[in-house]
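So the protein sequences, as listed, match chains P and E. Each residue of the first sequence is one higher than the one before, starting from 28 at the first, in the working numbering. Each residue of the second sequence is one higher than the one before, starting from 3 at the first, in the working numbering.
Quick caveat, the hints were computed from the structure, so don't treat them as lab data. Just so we're clear, the structure is a prediction, and the values are computed from it rather than from any experiment. Ideal Cβ positions, reconstructed from N, Cα and C, are used throughout, including at glycine. Careful, some of the hints might be misleading.
What follows is a set of in silico ranges between Cβ atoms, one per label pair, in the way DEER data are often shown [claimed, not checked]:
id	chain 1	residue 1	chain 2	residue 2	range
1	P	Gln102	E	Leu21	23 to 29 angstroms
2	E	Val34	P	Arg154	48 to 54 angstroms
3	P	Ile113	E	Leu21	17 to 23 angstroms
Footprint (simulated), chain P over chain E, 3 or more residues, beta carbon under 8 angstroms [claimed, not checked]:
id	segment
4	9-22
5	31-39
6	53-61
Example chain P residues on the side facing chain E (calculated, C-beta under 8 angstroms, incomplete) [stated by the list, open to error]:
id	residue
7	Phe85
8	Leu87
9	Pro88
10	Pro101
11	Phe104
12	Lys238
13	Met240
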Amino acid sequence: MTDSAPLEESYYAAHQKVYPREMSGTFSRLRITAAWVLLGLFYGLPWLRWEGRQAILFDLPARQFHLFGLTLWPQDFVFLAWLLVIAALSLFFFTAVAGRLWCGYACPQTVWTEVFLWMERLTEGDRSRRMKLDAAPWSAAKLGRKALKQTLWVSFALWTGFTFVGFFTPITELAARLLAHSVSGWETFWVLFYGFATYGNAGFLREQVCKYMCPYARFQSAMFDRDTLIISYDAARGEPRGSRRKGVDPTTRGLGSCTDCTLCVQVCPTGIDIRNGLQYECIACAACIDACDSVMDHMGYPRGLIRYDTQHRLENRDTRILRPRVLVYGALLAALIVGFVVALALRQPVGLDVLHDRNTLYRNLSSGEIENVYLLKIMNKDSRPHEFRVTLNSEGNDDEGSLRHQLDPREPKFLVPAGEVFNAAVRVRRDAWNDATDPIETDEPEAESGVGAAEIHFVISATDQPGLTARAESRFFAPRD
Amino acid sequence: MPDALSGRRALTVLWCAFLAASVATMLFFAFVDPSPVVALLQPTAVIPDPTTLYSLGFLFFFAVCALAAGLTAWLLTP
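So here's chain E without its partners, still in its complex pose:
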């Protein structure tokens, strides 16, 4: 398989994961307020503000979606 093609596969996987993660992030945080979590973790200062939690939330969904899309692409490879 030419390198450019697998490069495009990787980008397709990341792109689809990005779209799905955006939707997941929006739906999740529409119903979950991060501020109590931030307040709970305040002493440890792991998550200093809601923006951090929103960002980490998105990156988490991005990673999980990329895993699913990547596995799908890999298993479908003849």
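Next up, chain P with everything else stripped away, as it sits in the complex:
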């Protein structure tokens, strides 16, 4: 076939750059405050010291997470998973109650875009200047402004990357190495990687991240119902829209409250028109509320043509805050948080692993006794050093073995520094094996080869803190005649 097939119609529309207009107002102030607090935490926290070390440090090489006085070990992974579940459920809860609060005020994408936009305004001017500048042919002035903006962006992005790496490697040492030009290859890589991600996401992709990349933006509507607070345009009051001069009574012209000034569209960071109703692109930043309120004030109309409200209220029906969805999310969230706090409070900051000596199963002593050697791995996960006393099955005499097996020396003590694993070798002795009194565990592979095995329990307890204990079981091997 030679004739060409008809070209398929493309649904693809080239991306239009959005130039959000600056707007001041209640919600804008709230958003800027949130940005200051969150960015302050991000850039400031790594520099905070706590008990002689970095307050928040995810020390990957040492496999320890330091959160102020708390040190989490790989064994505490469940806490991290638990925390992530709490975070996800909080997101569901707040979304069900008040819509996309996360997107509008707290999401890093929003916060960093805000900062990059601020730098853009600083160097290229307000919305109309920026549009004019982009449309203008290249000139020395344009080049200068663009270069200045890029310098600010790149510096800020690199600082962000540096701070990010500073959460994983002590930041003061990292800064010192940076000044001495001796930063390691991988640290450099991750600073650049994260810096590049910041630059790309906040400088160029912006609202496209929310529209095309964010999984949450796609499924958040599942948490919505008609009682969820959303940014909404009161069409009943606003329509029919139309321009009019200040002081003209709109009813005489057959108009609603909307003056069709399009300010709400101009301020929108995702470039949508909220008057078309709820759209998945809306990140609920409330910039359009501030814009519309300023126009309503100017016109002498009551505020709130665009406002936080629920679908039910817009339909003049009652809205319920406490509804099954909110109660279920709330109850689950409360239970998880209480459980988390309790589990964290009850968590014993000590761990014990026992390894039987691999080379020698047992030794016959000249006294006729049998000796086994064990390696105790004592983990002190506390933030201060402890001295641990080792005993055998100290909790009552429920196991007769505790009388026969004896530590040598009787009560060895080991000082374990804070946050370290201490390897201690201990010897255990007992009398010769006696089939009459020693139960033979037939599931032991050694049972048939003339070796008896008895279960023993090691217990460690801190000498300065009686409640701080851990136990682990192992086996004692002895020859049978």
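Given chain P, work out where chain E should sit, using these hints.
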């Protein structure tokens, strides 16, 4: 297909792979301690420190996830 669209496909593939690789890296290294591996390979100095292994681990997961996501996107292309 316009170039910009396939560019976006590539970025989507990489982005999804990045998300999945982050999760995989976190789960994997929560249970696997790299220091014995580093100690084992010490004489060859292929992997000088745990940071290198963590980084290589992430890049490995990133590559595998990108392969899966890329194949999916490719096979779904009409």
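Item to check | Hints that the structure is at odds with (numbers, increasing) | outcome: Numbers 7, 12, in rising order.
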